[in-house]
Amino acid sequence: MTAHPVAEVGKAARAPRRRLRTRLGGREGLAGWTIVFILIAVAILAPILAPHSPEAIDGNRILAAPTATHPFGSDDLGRDVLSRVLYAYRVSLGIAVGSVLLAMAVGLPIGVFAGYVGGWTDLILMRLIDLLLSFPALLLAISLIAILGPGSLVALLAIAIIYVPIMARVVRSSVLVVRGQAYVRGARARGASHLSIVRGHVLPNAIGPALVQASVLMAFAIVIEAALSFLGLGSQPPTPELGLMLADGNNYLTQAPWVEIFPGLGIAISVLAFNLIGDGLRRSFDPNGITR
Amino acid sequence: MTEQSRTVIEQDSVPLLEVEGLVKRFPIRRGLFGSGSVHAVEGVDLQIHAGEVLSLVGESGSGKSTLGMCVTGMSTPTAGRIRFAGEDVALASRRGRADFRRRVQPVFQDPRSSLDPRWPIETTIREPLDAYRVGSSAERTARVAELMDLVGLPRHFAPRQPRELSGGQQQRVAIAAALALRPELLVADEPVSALDVSVQAQILNLLDELRNRLKLALLFIAHDLSVVEHLSDRVAVMYLGRIVETGPVERIFSAPEHPYTRALIDAIPHADPGRKMSRIRLTGEIPSPVNPPSGCRFHPRCPVAVDRCSTEEPQDTQFDEGHSAACHVAAAALAQRGSIISVLSEGATS
Chain H
1 MTAHPVAEVG
11 KAARAPRRRL
21 RTRLGGREGL
31 AGWTIVFILI
41 AVAILAPILA
51 PHSPEAIDGN
61 RILAAPTATH
71 PFGSDDLGRD
81 VLSRVLYAYR
91 VSLGIAVGSV
101 LLAMAVGLPI
111 GVFAGYVGGW
121 TDLILMRLID
131 LLLSFPALLL
141 AISLIAILGP
151 GSLVALLAIA
161 IIYVPIMARV
171 VRSSVLVVRG
181 QAYVRGARAR
191 GASHLSIVRG
201 HVLPNAIGPA
211 LVQASVLMAF
221 AIVIEAALSF
231 LGLGSQPPTP
241 ELGLMLADGN
251 NYLTQAPWVE
261 IFPGLGIAIS
271 VLAFNLIGDG
281 LRRSFDPNGI
291 TR
Chain Y
1 MTEQSRTVIE
11 QDSVPLLEVE
21 GLVKRFPIRR
31 GLFGSGSVHA
41 VEGVDLQIHA
51 GEVLSLVGES
61 GSGKSTLGMC
71 VTGMSTPTAG
81 RIRFAGEDVA
91 LASRRGRADF
101 RRRVQPVFQD
111 PRSSLDPRWP
121 IETTIREPLD
131 AYRVGSSAER
141 TARVAELMDL
151 VGLPRHFAPR
161 QPRELSGGQQ
171 QRVAIAAALA
181 LRPELLVADE
191 PVSALDVSVQ
201 AQILNLLDEL
211 RNRLKLALLF
221 IAHDLSVVEH
231 LSDRVAVMYL
241 GRIVETGPVE
251 RIFSAPEHPY
261 TRALIDAIPH
271 ADPGRKMSRI
281 RLTGEIPSPV
291 NPPSGCRFHP
301 RCPVAVDRCS
311 TEEPQDTQFD
321 EGHSAACHVA
331 AAALAQRGSI
341 ISVLSEGATS
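For the protein sequence lines, the chains are H and Y, in the order given. Just so you know, we're using the working numbering here: the first sequence kicks off at 1 and counts up by one. Just so you know, we're using the working numbering here: the second sequence kicks off at 1 and counts up by one.
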């Protein structure tokens with residue numbers, strides 16, 4: 001009789017669906033997630049969804065206006081813009097998610113370690129991070145590309161390196177707040193090990209701002225990557241990539257605006273989606289719901 | 001607690017907790033090169049016997065919380081000795097320290113910040129059991145239920161988040177977690193100050209009930225004498241890092257020796273308008289612990305201070321069995337007439 005009542009009671013009363021929604025960032029977050037999932041589906045299903053091959057050149061359709069078969073028109077080589085935009089999400093989303101995950105994998109442990117241990121460890125780690133932060137982001141990316149050569153993967157790596165110090169700093173500052181909480185001191189007094197305190201108390205309570213930051217950084221990653229490609233430093237033609245397409249369309253903006261507008265919209269939608277998620281998460285990570 | 005049972009406690013030879021000459025200073029930096037320190041605790045002696053409730057009373061900034069932190073091992077003293085069950089805590093091995101931590105548990109002031117907002121309360125109560133790997137998983141679950149019963153929490157609260165509970169219930173959770181490892185001493189740092197007055201009494205009653213049932217010793221830290229009268233066996237009054245008076249609770253309330261104690265007692269609000277107003281009122285703020293006043297630390301605010309108080313630091317004077325205070329005026333009165341109370345109250349009203 002004594003063994004179970006604690007575990008059993010109270011499970012029923014919850015509204016789990018509602019809790020999940022709040023956790024994902026409320027209405028805003030849900031909208032963001034929906035768009036992101038659609039975009040991911042689009043990227044994966046691009047070969048099925050795309051009406052034409054992204055690299056098929058059609059001499060008759062150079063800079064042709066949108067029609068029923070080519071709803072986004074055609075570019076300067078007569079390639080179907082819609083198909084290229086659909087394919088372009090593969091690179092853009094891949095780089096956005098990949099670079100942030102990589103930056104988190106490196107930055108999160110640094111931030112947690114520095115913030116939790118404090119003292120000299122914190123001081124030294126943070127000065128190193130500052131060092132990295134003191135380079136202008138684009139310069140850092142360009143010098144890395146100068147060394148390794150241009151390409152999508154190098155762009156991903158460059159963006160990740162730019163993001164590591166940002167991630168580490170955000171995590172550290174929220175760890176500092178959590179570390180000072182009475183429940184952390186109490187857990188210590190109740191005999192919990194540092195490892196279990198970090199895992200059980202510090203990480204869950206400090207991760208919020210980092211996740212918010214992550215979603216915002218994903219949005220920026222898309223823009224940075226597009227900028228690098230625009231400058232010819234990211235993905236190389238003929239890869240369908242949003243930044244590259246912008247660079248292309250730039251030349252024909254007055255004659256064939258669709259070559260420019262649709263990749264631009266593509267960037268805008270994905271950035272919007274990540275920002276929505278970020279805003280929603282920011283709200284839901286405030287456990288007392290003050291901002292709601 | 002009756003007169004008789006206290007005598008038994010005092011005869012107990014080895015105190016559960018013995019603090020000797022405890023000093024805690026916090027370094028501070030002033031500008032680039034200047035430095036100083038906050039003298040939070042300046043030479044405190046303290047004893048708590050098994051099953052005894054000692055209340056530590058003083059204004060904010062008197063160093064009582066710092067003392068509590070040192071006693072629970074959350075803060076390392078600058079100097080002095082803390083012995084638990086006869087063993088010096090600072091010299092203990094790693095295992096000895098873990099053992100000490102298990103036997104001395106803190107309860108914090110604000111239950112909202114002492115419970116992890118993301119943990120259901122059953123997990124919070126279970127945490128120390130998991131940390132010390134007490135028994136099997138099923139035994140831990142059973143123990144959590146037992147602890148919830150002990151502190152008067154309905155069992156169906158188990159999966160709730162702290163924010164779904166009231167302040168008093170949250171404090172019950174914190175107490176349950178502190179009791180999980182069957183400690184011998186609970187260090188409660190203003191456990192009721194953050195609660196509503198109506199709830200304060202419930203928590204105080206709970207603590208009283210627990211110490212009786214579990215033979216628990218309690219270091220009860222409070223800034224308000226009104227909450228300690230009912231609960232304590234002994235009271236220690238702290239001012240600016242020093243204990244200025246210590247004694248059995250009845251003595252402290254009926255015949256306080258130190259003017260500061262007297263002022264604290266007079267500050268307790270009473271519901272009797274016809275009551276004689278022979279009050280010592282405290283004026284001003286507690287002085288900065290960076291530059292404590294010379295002589296007796298209380299002299300700038302003391303209504304009965306004499307010249308000697310500003311130059312010479314008073315030593316503890318024994319007034320009665322287990323009752324001592326550090327005050328020149330009270331000591332002089334004791335020496336002259338043997339009568340104590342009258343002089344002080346005259347000094348206060350004149």
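It should be emphasised that the hints constitute simulated quantities derived from the structure, not laboratory data. Where a beta carbon is used, it is the ideal one built from N, C-alpha and C, also for glycine. Warning: the hint list may mix true and false statements.
What the hints assert, rightly or not - Covered stretches of chain Y (chain H as the covering partner; in silico rule of three or more C-beta atoms under 8 Å from a C-beta of chain H):
(1) 82-94
(2) 110-118
(3) 121-133
(4) 168-181
Stated by the list, open to error - Some chain H residues near chain Y, calculated using beta-carbon distances under 7 Å:
(5) G180
(6) Q181
(7) A189
(8) R190
(9) A192
(10) H194
(11) R199
Okay, the hints, checked on the actual structure:
{"no.": "1", "hint": "82-94", "result": "violated (count 0)"}
{"no.": "2", "hint": "110-118", "result": "holds (count 7)"}
{"no.": "3", "hint": "121-133", "result": "holds (count 7)"}
{"no.": "4", "hint": "168-181", "result": "holds (count 5)"}
{"no.": "5", "hint": "G180", "result": "violated, 9 Å"}
{"no.": "6", "hint": "Q181", "result": "holds, 6 Å"}
{"no.": "7", "hint": "A189", "result": "holds, 5 Å"}
{"no.": "8", "hint": "R190", "result": "holds, 4 Å"}
{"no.": "9", "hint": "A192", "result": "holds, 4 Å"}
{"no.": "10", "hint": "H194", "result": "violated, 11 Å"}
{"no.": "11", "hint": "R199", "result": "violated, 12 Å"}
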